[in-house]
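Enquirer: The residues making up each chain are set out below.
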Amino acid sequence: MTSDIAAILGIDGIATGAVYALVAIGTVLIFTVTRVIFIPFGDIAAFTALTLAALDAKRFPGTGSLVVVLACLATLIEILSLLRAGELRLLPRALLFYLVLPLAVVGAAWLTMRIEPPLVVRLVLALMLITPIAPLLDRIVFRPIADGSVLLLLTVSVALHYALVGLGLLFFGPEGVRTEPLTSFSTEFAGVLVSGQTMLIVIAALLFSGLLYLFFDFTLVGKSLRATAVNRTGSRLMGIRPARAGTIAYLLGSLMAGVSGILIAPVNTVFYDSGFLIGLKAFVGAIVGGMTSYPGAAIGAVGVGILESFASFESSALKDVIVFSLLIPILIWRSLASLHSEEEIEE
Amino acid sequence: MTSMFSMTDVTVCYDNVEAVRNVSLSVEEGQIVTVIGPNGAGKTTLLMAAIGLLAARGRMVFQGNDIGKISVEDRVERRLCLVPEKRELFSDMSVADNLLLGSYSLRDRSGVQKTLEEVYDRFPRLKERQRQAAGTLSGGERQMLALGRALMAKPKLLMLDEPSLGLAPLIVREIFRTIASLRDLGVSILLVEQNARAALETADYGYVLETGEVVQSGPAKDLIHDPRLITAYLGGH
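One line per chain: the protein sequences are A and B, in this order.
So the first sequence is numbered by our numbering: it starts at 1 and just counts up by one.
So the second sequence is numbered by our numbering: it starts at 1 and just counts up by one.
Derived by calculation from the structure, the hints in this document are not laboratory data.
There's no promise every hint is true.
[Stated by the list, open to error] If the Cβ cut is set under 10 Å, some of the chain A residues that face chain B in the computed set are:
1) S224
2) T233
3) S235
4) L237
5) G239
6) P242
By construction, the Cβ of each residue, glycine as well, lies at the ideal position given by its N, Cα and C atoms.
Required output: the full structure, derived from the provided sequences and hints.
Expert: Here it is as structure tokens:
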């Protein structure tokens, strides 16, 4: 391998890793706040790419119908739960969040499609259509079992992933899509041609990570999410509602997965079931960060991207095997590290 | 004086075991009430039920409203606050962030900075360590932070679970001085404590809880001279 090829693979790996990093950060965010390892996260990223492709082709995406069905179900469940708790005074707020806002988003997308909107508007529409899916799934599926074990939540999460993959096939068909690049700009860096799309991916990953950092460190809502992640009982005693913190975490996480889907769509062909591998590779990155550290998850995800890039050069057929084999030494290292800290606590 | 908080015939069960049985107590406005008793008497369980972390049978009234069915978060919004035995601090977050989160339930945020300054005046050590992670504080400082964080919510009733647990005698005295001084802020206090002498010296009224039931109650100044309590809890002969 020459240094030129290594540089190309390195840049390609960083770009892929940056996409994984966005999903990995979202995975950590949702896990720390809700204890759910949200496997369908990659599906959310893939669905965004497919939704954008449908909008590009002037087709109303099936994700719009999904949001309508989920909004109706979530509203019904919320009304029943408020009735049981005798808290009907909260009904207007519930209707606004679970019914009016999601339906308004779908309605706006449906109406905007009539006027053949420019690319920027289509990007926003794709993100808006995707963002409510995970919070609505949280209300319908996870909140009733929020006190269950992590294993139960994980099992349900896996089942949900398979359900979404099935729906993806129904909505988007078996063909893959590749959307237009967001920019045709390219430049030479250290003797290697770098596309504008690659630069955009890295900039977007840095920008969203930076915004997330500012959100967590400088806003009360961000701090309340961190508090819920650190100590659930303590946060409840401060009046922080875990369910609301969970909804915010799902919203933010979905937005990040959606952005990563939009960024990856012009680079890789995305199929209805591509999300699983995106999510799983981001998950490997998140495990590097111990499922709790955002910088750790981001670094881990970029590492996965670079490893994948070099592995695909050496042996394209074995690239996934090589990436997932990375889990074994990481898990051994993490288990040794956690044993060490338990010993320290006992001391 | 009017009743700030009352429990009537409250029973709390773990599975089928009654940890607290038909307990009735009342805290008047501006009063410090203590619940003393041996380990395992159900004191912590009682406070957990009062804040809503444990389900309970019976009636609980706070400022004239039945709060038995409402969530923990709604109770906190009504300014009923608990400083739990384990403190439940946000160990990875700074002292300042812990205090700020104490004010999370306040809708009117205009006075938060002023309350923060008041907490720092009351606990200067916390101001010195405001940028330090809560997990790195000493036991006494953690208790101060837990108290300060609860005060940030401007509580009407503050429930304290074993505030002296695991602290050095000097720090215990400081903590109880602080608790007594909270009376001046108009905060009513329900204090659960194993250190019966310190609790009764600070409180206006006391209840004795044994195996989940109230076995004795009365003004704290009377209980502190009660021969049975002196023998059982106050280290006398």
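Enquirer: Hint by hint, note whether the structure agrees.
Expert: Hints, one by one, checked against the model:
{"no.": "1", "hint": "S224", "in the structure": "holds, 6 Å"}
{"no.": "2", "hint": "T233", "in the structure": "holds, 5 Å"}
{"no.": "3", "hint": "S235", "in the structure": "holds, 7 Å"}
{"no.": "4", "hint": "L237", "in the structure": "holds, 6 Å"}
{"no.": "5", "hint": "G239", "in the structure": "holds, 3 Å"}
{"no.": "6", "hint": "P242", "in the structure": "holds, 9 Å"}
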